[in-house]
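Undergrad: Sequence:
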Amino acid sequence: MSKEVKTPLLRSTSDDDDSSDEIESTFIQELKKVSFMAAPMVAVTVSQYLLQVVSLMMVGHLGILVSFSGVSIAMSFAEVTGFSVLLGMAGALETLCGQTYGAEEYGKLGNYTCCAILTLIAVCFPISLVWIFTDKILLMFSQDPGMSHVAREYCIYLIPGLFGYAVLQALIRYYQTQSMIFPMVFSSITSLFLHIPICWILVFKFGMGHIGAALAIGISYWLNVIWLWVYIKYSPSCQKTKIVFSTHALLYLPEFFKYAIPSGLMFCFEWWSFELLILIAGILPNPQLETSVLSV
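Numbers 1 to 296, taken from UniProt numbering, label the letters of the sequence shown in order.
Hint data in this document are derived by calculation from the structure and do not stem from the laboratory.
Virtual Cβ for every residue (Gly too), placed ideally from N, Cα, C.
Computed beta-carbon distance windows for the label pairs: (1) 28 / 270: 25 to 33 Å; (2) 62 / 194: 20 to 28 Å; (3) 61 / 257: 42 to 50 Å; (4) 104 / 33: 17 to 25 Å; (5) 98 / 270: 15 to 23 Å; (6) 23 / 61: 52 to 60 Å; (7) 251 / 190: 30 to 38 Å; (8) 63 / 25: 52 to 60 Å; (9) 43 / 95: 18 to 26 Å; (10) 208 / 106: 42 to 50 Å; (11) 244 / 38: 27 to 35 Å; (12) 266 / 37: 15 to 23 Å; (13) 42 / 226: 19 to 27 Å; (14) 125 / 28: 42 to 50 Å.
Capping the alpha-carbon separation at 25 Å, the derived lysine-lysine pairs in DSS-like fashion look like this: (15) 233 / 108; (16) 242 / 108; (17) 258 / 108; (18) 242 / 258; (19) 108 / 240; (20) 33 / 240.
From just these sequences and the hints, can you work out the full model?
TA: In structure tokens:
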């Protein structure tokens with residue numbers, strides 16, 4: 001006669017305690033993993049954002065209200081028409097590179113990144129044309145003529161930074177997918193600390209004013225790109241996923257746009273809702289003062 005296996009219908013208190021401890025332990029482990037990625041990425045994002053804040057502060061120290069308000073509205077215009085588009089489209093790499101790295105298709109990861117870099121650089125050209133006519137576009141929306149003129153000059157000299165920003169966002173997704181945090185933190189913080197003296201020299205020592213502030217942002221973005229690119233070239237950690245520029249990468253364009261377009265639209269709509277407030281402030285009775293206050 002076979003023995004019957006008796007299973008209790010109700011779990012004992014000790015079993016519940018063990019299950020609770022296991023869930024708590026798993027939660028803590030996952031929280032540590034997320035924090036290990038999230039905290040440094042916050043530092044990277046804040047460091048990049050502070051580049052524009054530092055430039056705006058330098059222009060503010062010039063004591064010229066029309067320059068400060070013009071740069072404020074130029075930054076919002078640049079965010080709406082340029083930086084938000086590039087940042088949103090670069091978000092496609094989070095999906096593509098994440099899947100590829102998880103599947104251990106390391107060569108494909110480099111191809112996706114190369115495809116993204118080439119695509120984002122191509123997108124920069126029509127954005128640059130829009131920036132060249134910044135004053136005319138702002139005047140169409142009843143903005144102050146003096147502010148519009150300053151905004152146009154600022155955006156034109158910010159164009160080199162636009163291309164650097166495009167490459168930078170693709171490289172950040174490349175590193176983020178592989179959990180390579182230290183290179184991003186080092187390059188971002190180093191670029192920020194170098195940006196302060198560079199911006200001060202261009203704005204005050206060379207007497208370039210708001211134009212120097214725009215050029216300083218471009219220099220800092222490209223310095224950030226150089227640090228990250230040097231690490232890819234010489235670090236053994238990037239040997240499997242090394243980025244190689246070739247026409248083969250263009251074969252991934254349809255797949256990249258499949259994710260880049262919705263990602264870009266989603267991000268732009270979210271970002272535009274904030275930046276449009278500053279643009280709307282430009283049509284208030286005292287636009288120079290209102291725009292300056294909102295930018296702060």
